[in-house]
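Asks: Take 1 as the starting number for the sequence shown in full-length UniProt numbering and just add one per residue.
There may be inaccurate statements among the hints.
What the hints assert, rightly or not - Label pairs and their computed distance ranges (CB to CB):
hint: 1; residue 1: VAL167; residue 2: GLU433; range: 40 to 46 Å
hint: 2; residue 1: THR235; residue 2: ALA364; range: 46 to 52 Å
hint: 3; residue 1: ALA141; residue 2: ASN413; range: 52 to 58 Å
hint: 4; residue 1: ARG321; residue 2: ALA223; range: 27 to 33 Å
hint: 5; residue 1: VAL209; residue 2: GLY170; range: 25 to 31 Å
Derived from the structure by calculation, the hints contain no laboratory data.
Yeah, the Cβ is synthetic: ideal placement off N, Cα and C, and Gly gets one too.
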Amino acid sequence: MSNTPLIAVLMMGILGSIYVAAFRVANNKSERQERRPTDAEDDGTAHGDHEDSADGREDEPTDGLPSATRIGPQWDPGTTVALLAGAGGILTKNTTVFLAGVVGFAYAAYRYGTRPPDLDVSVERAISERSPLPSSDVEIALTVRNEGEKPISDLRIVDGVPERLGVVSGSPRHCTSLRPGEEATFTYEVRARRGTHEFGRTDLVARNVSGSAERRTERDARAPGDAADAATTITCETRADDVPLPADTSSHPGQVTTDSGGEGVEFYATREYQSSDPMSRIDWKRYAKSRELTTVDFRETRAATVMVVVDARTPALVARRAGEPDAVELAEYAAERLAEAFARRNDRVGLSIFGPDERYLAPAGGDEQVARVRAELESTAPPTDRLEGIFSERRRNRANEDRFDTLRKRMPNAAQVVFLSPMADDYAVEVAERFRAYGHAVTVVSPDVTGSGTVGGAIDRIEREERLAGLRGGVRVVDWSPDEPIRAAVSAATARWSG
1 MSNTPLIAVL MMGILGSIYV AAFRVANNKS ERQERRPTDA EDDGTAHGDH EDSADGREDE
61 PTDGLPSATR IGPQWDPGTT VALLAGAGGI LTKNTTVFLA GVVGFAYAAY RYGTRPPDLD
121 VSVERAISER SPLPSSDVEI ALTVRNEGEK PISDLRIVDG VPERLGVVSG SPRHCTSLRP
181 GEEATFTYEV RARRGTHEFG RTDLVARNVS GSAERRTERD ARAPGDAADA ATTITCETRA
241 DDVPLPADTS SHPGQVTTDS GGEGVEFYAT REYQSSDPMS RIDWKRYAKS RELTTVDFRE
301 TRAATVMVVV DARTPALVAR RAGEPDAVEL AEYAAERLAE AFARRNDRVG LSIFGPDERY
361 LAPAGGDEQV ARVRAELEST APPTDRLEGI FSERRRNRAN EDRFDTLRKR MPNAAQVVFL
421 SPMADDYAVE VAERFRAYGH AVTVVSPDVT GSGTVGGAID RIEREERLAG LRGGVRVVDW
481 SPDEPIRAAV SAATARWSG
């Protein structure tokens with residue numbers, strides 16, 4: 001019985017194994033030089049960069065499609081094995097060896113027989129909350145639809161997540177296959193931080209069945225309903241328009257009402273006419289009845305001078321949970337919102353960072369001052385005085401005393417103080433009380449970052465509540481939970497003050 005068929009099968013198996021091994025070696029060598037689509041976020045390169053083809057050029061785009069790039073080995077193991085087998089069969093006059101080259105030709109035909117895939121794809125991005133609160137989680141849903149007439153067997157997607165937003169759930173990367181007209185949706189969540197965050201373009205990479213060619217492109221994601229900018233921007237800010245201030249004011253016009261008469265729109269009182277009074281303020285109705293000249297005074301509105309003081313000491317570096325903004329970051333967020341609100345009311349606003357990275361910005365008004373406040377807050381460094389021990393504690397206390405004395409001397413005497421602090425220690429209470437003792441009207445805005453579910457968190461919460469209760473006798477207190485807008489916390493505090 002002849003063993004020729006068995007030998008032929010064995011030879012084909014051996015040559016097939018050699019081809020697969022050679023293809024993997026060559027493919028790995030080639031892919032080490034190629035930027036994978038899933039590395040787009042790690043290597044810091046721009047989205048949608050292309051690798052050159054084997055001859056140093058990219059294939060020219062046709063029919064409006066993105067350029068196709070041949071990937072994989074720059075030499076073809078299938079053709080090489082087929083030629084070697086054919087040559088060996090001829091030299092040895094062995095038909096079995098010659099026919100075994102069919103295996104290599106089959107692999108080569110499979111590789112070259114599949115065309116680069118089309119990439120006629122649309123992208124839609126839905127953002128669950130475009131104006132979230134700080135530290136809240138925002139869900140992003142990305143929908144990719146095959147608008148072409150041919151299937152895409154291997155489609156890889158990388159969404160353009162804003163640099164400053166961390167992904168806390170899911171992944172902005174996805175791999176799928178799509179039939180014509182089919183769509184796929186995947187979701188992930190990011191944690192909001194203060195500021196405006198722009199999404200980048202979405203990277204798309206489509207490969208053919210054999211993985212030997214691909215097309216890369218970028219797409220601007222549209223929003224459901226094509227709402228302008230709804231798919232590209234998250235703005236993490238909360239307006240604080242209605243922060244009430246005590247009646248201490250400067251002479252500049254503004255929106256804080258006073259208990260004195262003058263120019264304004266709200267009636268205050270009438271008085272005897274003086275020759276310097278303008279004609280427009282004479283009470284002509286009374287003159288018609290009694291023939292007496294009297295002048296109408298209106299309740300004056302004057303601008304307040306407000307110092308926004310951010311507690312940036314080491315004890316304020318506390319957060320409710322890992323990965324959430326600490327109290328200093330929340331206070332800086334609130335300080336920016338408050339500065340904008342005061343400037344809109346024509347108040348003069350200043351800024352002080354009370355901590356190791358000490359900053360001071362003298363009170364002024366206008367949009368330029370708001371920009372200066374924002375720049376100071378964005379450039380603030382975290383505290384570095386984390387030394388332990390009794391001597392380090394004493395040194396920190398002396399440093400805090402020096403900072404307070406310096407700040408008090410630089411502040412205008414009539415300035416009102418908005419002190420932003422988590423009230424994490426007794427010294428924060430002392431700072432607020434000392435501001436009041438020096439004649440400043442004080443409002444404390446305190447972000448609640450006490451934890452829950454642990455004994456330590458419960459103790460911290462009780463101690464904080466006691467500190468706030470002790471302050472309420474002479475200081476206005478806004479107890480702010482980061483889960484609610486500042487405006488809601490201010491409204492609740494205002495109702496309590498007026499009640």
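Asks: Tell me, which hint numbers fail for this structure?
Replies: 2
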